[in-house]
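Undergrad: Sequence:
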Amino acid sequence: MTATNTLPCLLITGAAGALAQQVITRLRDKYRLVVCDSRREVSMPEDIPSYRLDFNKRRFEDLFKEYHFDGIIHLGRIGSNE
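In my numbering, the protein residues as written are 576 to 657.
These are calculated hints, taken from the structure and not from any lab test. For each residue, glycine too, the CB sits at the ideal point set by N, CA and C.
Between beta-carbon pairs, the in silico distance windows are:
1) 647 / 614: 16 to 24 angstroms
2) 633 / 597: 25 to 33 angstroms
3) 632 / 604: 25 to 33 angstroms
4) 649 / 616: 16 to 24 angstroms
5) 580 / 652: 25 to 33 angstroms
6) 581 / 653: 29 to 37 angstroms
7) 618 / 649: 17 to 25 angstroms
8) 637 / 614: 13 to 21 angstroms
Please work from the sequences and hints to get the whole structure.
TA: Below is the structure:
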């Protein structure tokens, strides 16, 4: 197995959704994953940071500074029915 800090880092949005859960399961051994959702914080294994955040707020921008993502898989919905 490759050392964790040498793996590419991906952000997955919409992590609470069923499709995102499948993507996370398939990619977790090949990438360092960081997941987020605007609806709720998603329960993840300890090695996968999970955030509940508003994509329009500063904290979302801070994630990019903190993790230096190599890619993003955007599975979150845009807009709100709440």
